[in-house]
Amino acid sequence: MKIENLSLAGLKLIHRQPISDQRGYLQRMYCQEMLAAHGVTEVLSQINLTLTRVCGTVRGMHYQHPPYAEIKIVNCLRGRIFDVAIDLRKNSPTFLQWHAEILSAELNNSLLIPKGFAHGFQTLTSDCELLYFHTAAYQAKAEEGILPQDPLINIAWPLEIKELSDRDRRHPLLSSAFEGLTYEL
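If you're matching positions, the sequence shown starts at 4 in our numbering and goes up one per residue.
The set of hints was computed from the structure by calculation and includes no laboratory data.
The beta-carbon is built from N, C-alpha and C at its ideal position, and this holds for glycine as well.
Be a bit skeptical, because a hint or two may be false.
As the list claims (entries may be wrong) - The calculated label-pair distances, taken between Cβ atoms and stated as ranges, are:
id	residue 1	residue 2	range
1	36	159	30 to 38 Å
2	143	52	16 to 24 Å
3	57	22	29 to 37 Å
4	141	80	18 to 26 Å
5	143	25	33 to 41 Å
Can you make the complete structure from the sequences, with help from the hints?
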């Protein structure tokens with residue numbers, strides 16, 4: 004694994020490096036020791052698998068409030084996605100900025116999203132399967148979201164949004180009064 008720091012502090016792109024032979028390959032999906040060397044010391048609490056059938060679907064933009072805030076590592080096992088993180092950390096120099104990466108099995112990459120970020124993605128192919136590693140268990144009472152088409156954030160989704168859940172459609176627009184979330188930078 005190689006870990007690359009991205010333009011938003013704490014956001015990291017993980018490049019997995021398969022070891023191959025005539026039988027196939029082995030690919031390390033998670034390494035606590037390597038993550039700790041890059042400042043990520045929390046351990047996993049939950050692992051989730053999702054399948055999104057329709058190309059152009061958007062899921063997100065979700066986040067959890069403390070004390071249930073989480074670090075996520077997003078892996079695309081099948082298909083191709085446009086994976087987005089928004090910095091919601093109060094006093095961050097990149098407050099309300101977003102960053103996106105294309106994730107796929109062929110690219111052998113994962114996105115590590117720190118606490119204080121909203122996360123979502125758009126499927127670029129049909130039948131996208133994602134594996135998520137979380138450092139905190141999901142808590143419905145602590146979850147909030149941002150409308151994926153919020154003009155204040157202005158995410159440049161690569162495709163027309165074909166599907167968006169009722170829940171994600173009901174996320175509010177951010178107002179200029181939004182001060183952000185309190186997290187350690």
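Verification of the hints:
1. 36 to 159: 30 to 38 Å: At roughly 36 Å between Cβ atoms, residue 159 and residue 36 fall inside 30 to 38 Å, so the hint holds.
2. 143 to 52: 16 to 24 Å: For residue 52 against residue 143, whose Cβ atoms are near 19 Å apart, the range 16 to 24 Å holds.
3. 57 to 22: 29 to 37 Å: Holds - the Cβ-Cβ distance for residue 57 and residue 22, about 34 Å, lies within 29 to 37 Å.
4. 141 to 80: 18 to 26 Å: Holds - the Cβ-Cβ distance for residue 141 and residue 80, about 20 Å, lies within 18 to 26 Å.
5. 143 to 25: 33 to 41 Å: 47 Å, violated
In summary, the structure is inconsistent with hint 5 from the numbered list given earlier, while agreeing with all the others.
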